[in-house]
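J.: Chain order of the listed sequences is B and U. Counted the way this note's numbering counts, the first sequence spans residues 7 to 392. Counted the way this note's numbering counts, the second sequence spans residues 960 to 1357.
Worth flagging that the hints you see were computed from the coordinates, not collected in a lab. No residue lacks a Cβ here, since even glycine has one placed at the ideal position from N, Cα and C. Mixed in with the good hints, there may be bad ones.
[Stated by the list, open to error] Ranges between beta-carbon positions, derived for each pair: (1) Ala287(B) x Gly1171(U): 29 to 37 Å; (2) Ala287(B) x Ala1142(U): 27 to 35 Å; (3) Asp1240(U) x Asp189(B): 47 to 55 Å; (4) Gly1171(U) x Ala136(B): 47 to 55 Å; (5) Glu969(U) x Ala190(B): 50 to 58 Å; (6) Tyr1046(U) x Asp8(B): 22 to 30 Å; (7) Ala287(B) x Gly1350(U): 15 to 23 Å; (8) Phe1325(U) x Pro197(B): 53 to 61 Å; (9) Ala287(B) x Asp1112(U): 47 to 55 Å; (10) Pro178(B) x Glu969(U): 39 to 47 Å; (11) Asp20(B) x Val1356(U): 32 to 40 Å; (12) Ala17(B) x Val1356(U): 36 to 44 Å; (13) Ala136(B) x Thr983(U): 44 to 52 Å.
[As the list claims (entries may be wrong)] Covered stretches of chain B, as calculated for chain U (at least 3 residues, CB under 8 Å): (14) 9-22; (15) 269-278; (16) 289-295; (17) 303-313; (18) 326-337; (19) 381-389.
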Amino acid sequence: MDFELSDEQVALRDAARDYFANRWSRDHVRDALDRPPVVVPDELWQEVAELGWVGIAVAVEAGGSGGDVATAAVIAEEAGRALFPSALASVLTAAVALDRAGDRWRGALLEGVCAGTRRAVCAFEEPGGAWGPDAVRTTAVRDGDRLVVSGSKILVADVEGTDTLLVAARTPTGVALVAVPADAPGVTITPMIRIDGGQIGEVVLDAVQLPADALLGSDAPADAGDDAGADADALARSTYDLGTLLGAADLLGVAEAALAVTTAFANDRVQFGRPIGSFQAVSHRLADVLVDVEITRSLLYAACLAMDEGRPDAAELVSAVKVAANEAAVRATEAAVQLHGGIGFTWELDVHLYLRRARAGVATFGDGAHHLDRIFAQHTQARAAT
Amino acid sequence: MDLHFSAEDEQYRLRLREWLEAHTGRAKNPLAAGGGGDIMGALQGARDWQRTLWEAGYVGLAWPKEYGGQEATLTQQVIVNQELARYSTPPLINTIGLTILGPTLVVNGTDDQRRRFLPKILSAEELWCQGFSEPEAGSDLASLRTRAEIDGDEFVVTGQKVWTSLAPIADWCFLLARTDPNAPKREGISYLLCNMRTPGIKVNALRNAAGGIHFSEVFFDEVRIPRDQLVGELHGGWQIARTTLEHERSGLSNVLSLEQTLKRLWATASSLQQGTGVALDDPSLRREFARAWVDIEALRYLGFRTLSAQIAGRTPGAGASVGKLHASQLRQRLADLALRTEGPLAQLAKRSPHVVDRGRWVAAYFDALGHSIGGGTAEIQRNTIAERVLGLPRSVVD
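Just chain U, same shape as in the assembly (with noise of 0.2 Å):
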């Protein structure tokens, strides 16, 4: 057992180091400005900033070098993560096609659709969304009713998706429609690609529990997409689709980010008044707060046991489901807390006099919601593990 990294990875991280400091004064988060400033203004700096890492040579670290990508070590990806985290620079604005659609193409796209698209996604020129779920297909997602019809050499798209983040900003959209409606469902799936600008397509922006707009429904009527832009084999799109959606990721990444979350809760549990004394006098949120870091440090050496198992080329296999249900519940467990902390002060909205750090936990705690359902849900989670892990059978017979 050896937690170290490499003398040479330790070099990287302090080279890493050094450029953030010299370059984090760009890294206030552009989009969180928001909020009836410059809307336009803050995407160009959120696009500015993806490039400006990936120049830096910080961006696409597991692609190949041919087309914009570094071929970096898998620690070196997880120093990266860390770091970034660290610094707590904002996040990447073109995440879902560096994380899902790059993946998918280095692997399952033709040559010419890796050298078109993929160092457009590393230099952010252009913005991706996922066109996957619909109002009918969410956790059952090959029960997709969205139509691609061939005519001639294209493809005739009619169909809704939802749940899409970024649409309204996406230049790109890759998505999952019905090729051929006669066969068994996952076998008539194809996976295309489709330019956002392309007429027939509307985009209506939804309004999450929380407030904020981070989801769209996108609308498909009668749009053709050039036969050039599938992915894979005619009606095999939902293994590629499969494929990615499984995507393993130690889940490092996610570490620091809580523990900065923890450590601030800490502080104003330590600072905000409670009758005589202050929240955390209270023995069992002491014991609340011990027990949150246990959560956190699961993750960690959970995260380190995944990547270990990357490393030594073993798949983690359905290992990446444990430690997104683990971190789902963790940060709900952390965010409920944080409302607890607050006491008579958790009712309190984000612009109210007396308000605790500006609202930020309530803040913390729809988002801290939304992660057991987005990405698949926990309950999909749990039958991950159930069939893959264990080996019990099937629940869902189709």
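One chain only, chain B, in its complex shape (with noise of 0.2 Å):
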């Protein structure tokens, strides 16, 4: 029984934040916001690739690092925390996707995703105002040795600079996810605008002709005795849990970010001859928030575990931490905005920084609603089947 980090987690937190800390300014973010988007160096993202961080959870020998789910959500975290850009989260989810499909995906591909040299990213989201995989209506059909992708994705998290595309899509047998170079005839890719700076796209895909094998995993049917490898809608699935339970990470660090820098400021702010923070209508809106964030971080060890052991409440779970973490974010970010008062309402201060993070991250793998009704959905199967 030991519910909290390792030891080593913990050490890999602390160099993560002083990391951040030493090499990144927020002032590029708020730079961003008028000249969007806000991308990570090359540099900065060469230096993140050699600390090992984009292939955390990817297998040792398949040229990552081998660390848990709650690995990292770790260093998701303090990069939410110190608001850099979405994009290490977002290659680090792919990489585990391609290193979760089985051989035919592990080599020069994962291995440059890992070192830094090549980018795959996920594209699942699509327009029709639905989250997640169950939401997916670009298809992959079969066209004799072929492998024909026709759809149209938004909100693909950066998706500049990446060589590969890890589009979802419908198979007879479910979703899946089909590896398709972004420099594919058919392929379309124009950058959208998010509210925090960050790098999203849309990606139209024309009748894109790929090999047969494109597709990570296997999409025949179960009961047909493939050993193609893993079950390709199965890993689409977990692909969308893990970057779900990642963005909930990158929630937490907004959130106690927030909290931090508004506790710091209801120390030192005093106004009628004494701090802010002494009085409860400030301190108890924070203490509010420590509770929420509290709660964001027990469900999110617990998601990390259950995704790690392969439990069957993961993805409730995983649904779970991302309800707590959209709460979290935004009360510690209103509460950011309105307790700093005036100087909380400027472009200067990072105040909103966090809170366009916290709002964008929201509305990234699911809001509050979807997740409850996937909790839902899920409980009632359970208890059909009991």
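Starting from two chains that each stand alone, build the complex the way the hints lay out.
T.: Structure, rendered in structure tokens:
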């Protein structure tokens, strides 16, 4: 029974916190709001790759650092705290998908991704106002020895500079990730603009012709006795869950950063002859944020552990932590704006940067309602099964 | 990260389950029977249940063996709490003595006091109540006015206590009284043990908002307490009481009962007719049920983190306040959800025709409201979190 970070994870957390504090300025984020998007300079990307963080959750024999999901979440949380661009979590997630897809996907691409010389990201969401694998309408259709992918993806994070897109597409047996070269004929990428300056884009796939083995895992029916590797549908869903979990970790980092900066301000700022943090209207709001943060952290650890152990309640716990993280991040960052008073509503202060990251993160990988519906559906299934 | 209990702990759990399977026949809640029933018989039943459990080795787990305890591990304590909740056994009648006074005496009592009092707390032979709050000293407990004057070998206590649970049936009371009226308010308080049969004590039961009788006023009129029933140093009672009030608990025992409550409510919502369907057809209600599940899971894993910190020998600090605040809020949201699930029938009293689940949910609702008041209000928990976790300046100047 030890439900806290290991000593190694604590050391990693401290190292990441120091690294981001020294090497990343929130001014880059503010500047990018006028000239989007905010991107990681190549030199920094090379550094984080060399630190082993891009491949943090990829097996060592595949070129990664061999960490578990909890370790990946440590990195995502620290990136969120520092407002470091989302690329780290996006590429990290795609790397895990490639690693889990079987030997076919281990090799030059994955090694290059871990080493920082190549990039892959996932493309799940589509126009239509719904989230996640169930809403996917993009199709992957077999045509002789070709796989033809058609559809439209939006909100694809960190799409520029990526050489491989892992596109979620519908197959006869569910949803699958299909590796699509960004420069393949029929692929059109158009930048979108995120409220936090984050880099996202639209990807239109117009009958993109791919080799038959471009699909991650096997989409053969379960009873086909196929041994081509992982079940493609399960892989696509667990990849979305990993992205969701890392998104929640990012929001937790944002919430904690906003809470820390606001707590410091409440200790320093004097009005009516007292630090404003001595007024309960201020301190109680911050105490409530602390409760939200602790709850989110507890659910985050639970979800990490469930994913690592492959427990059946993993998906539900991932949804639970996203619900909690969404609320914590919004409450923390809105409290930060309010409790800073006038200065909190200025462009120069960092507070709105946290708020922007929070609001964008809430709308990424599912809002609260989406995840509550998912939890309810899974509960109903579980009850029907027993 | 590892959430597993050890193989020995799981063995321990299995033995406890076997024991509970064999003994829960007598575990019908003897006090819940009440209401015009045989009160004295019910009381004896409650004492007997605690004694049986103690004799089996499942009460006083953290206490020294010398005084009837088990010196069990933290995980075993959690397992016992979990299993008692799983089997819906009645609460232990002497809970106040077990959770507050006992640990205090273990740390601060004299050897004579430990030998004299601890075994009878465990066996429920002597029931205890707590005399802390007063009409003018609630959240601001250190403002208490009950006086204890020294007269030879005795303290002479005069004053009034309130919100005293179990007072009408308790044999003993541990109380705080002012022994030095001239000292700063936290430095003139002493911690005393008083026999409730001593002349000069009057108990007046109060009816709570839910209609039940759970707490009382207790009046002390020149009640004489022998000097050797002082706990710790003279005038040193505040520190002792403060330590006990902070007695950390992981809160894991709450999780199972809340889970069962949610499960029961889920079943009600799945069958309760609403319009042409059932209550749970409403998509917004479905989300709230899912949300309640999230809240309970959060409490569970928060509890595991507190437990891990305890096992590692780290003090969870004010982490218990986080758990308590969250638990009281989730209990209230759950109770509110229950009443909204009932729809029009939520207005019905317990004995009314058509009442849902025999009025269980309105009772749960009132009970939940008390959870953010008793044992330190939600506002005091927030003060604690703000000051001791976040490091904000004290909000109260005194």
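J.: Work down the list of hints and note, for each, if the structure agrees.
T.: Results of checking the hints against the structure:
Range check, alanine 287(B) to glycine 1171(U): Cβ separation about 35 Å, and the 29 to 37 Å hint holds. For the hinted restraint 27 to 35 Å between alanine 287(B) and alanine 1142(U), the CB-CB distance of approximately 33 Å keeps it satisfied. Remark: the range hint 47 to 55 Å for aspartate 1240(U) to aspartate 189(B) is upheld by a beta-carbon distance near 50 Å. Between glycine 1171(U) and alanine 136(B) the beta carbons are some 49 Å apart, a value that agrees with the proposed interval 47 to 55 Å.
Checked against the given bound of 50 to 58 Å, the beta carbons of glutamate 969(U) and alanine 190(B), roughly 54 Å apart, stay inside it. Hint check: tyrosine 1046(U) to aspartate 8(B), Cβ distance near 28 Å, so the stated range 22 to 30 Å holds. Between alanine 287(B) and glycine 1350(U), the C-beta spacing of about 18 Å keeps the proposed range 15 to 23 Å intact. Our hint of 53 to 61 Å for phenylalanine 1325(U) and proline 197(B) holds, since their Cβ atoms are close to 57 Å apart.
Our hint of 47 to 55 Å for alanine 287(B) and aspartate 1112(U) holds, since their Cβ atoms are close to 51 Å apart. Between proline 178(B) and glutamate 969(U) the C-beta distance comes to about 44 Å, which sits within the given range of 39 to 47 Å. Remark: the range hint 32 to 40 Å for aspartate 20(B) to valine 1356(U) is upheld by a beta-carbon distance near 37 Å. The supplied range of 36 to 44 Å is met by alanine 17(B) and valine 1356(U), whose beta-carbon atoms lie about 41 Å from each other.
Taking the beta carbon of each, alanine 136(B) and threonine 983(U) are about 48 Å apart, inside 44 to 52 Å as hinted. Counting residues of the segment 9-22 of chain B whose CB lies closer than 8 Å to any CB of chain U gives 4, which reaches the minimum of 3, so the coverage claim holds. Closer than 8 Å: that is the beta-carbon criterion, and the segment 269-278 of chain B has 3 residues meeting it against chain U, so the requirement of 3 holds. Evaluation of the coverage hint for the segment 289-295 of chain B: fulfilled, as 5 residues show C-beta separations to chain U shorter than 8 Å, against a requirement of three.
Beta-carbon proximity to chain U at under 8 Å applies to 7 residues in the segment 303-313 of chain B; the threshold of 3 is reached and the given coverage holds. A count of 3 residues in the segment 326-337 of chain B with a Cβ less than 8 Å from any Cβ of chain U is obtained; the coverage claim is therefore met, three being the minimum. Judged by the Cβ-Cβ criterion of 8 Å, the segment 381-389 of chain B is covered by chain U as claimed, because 3 of its residues qualify and three suffice.
Against the hints set out earlier in the document, no violation occurs for any number.
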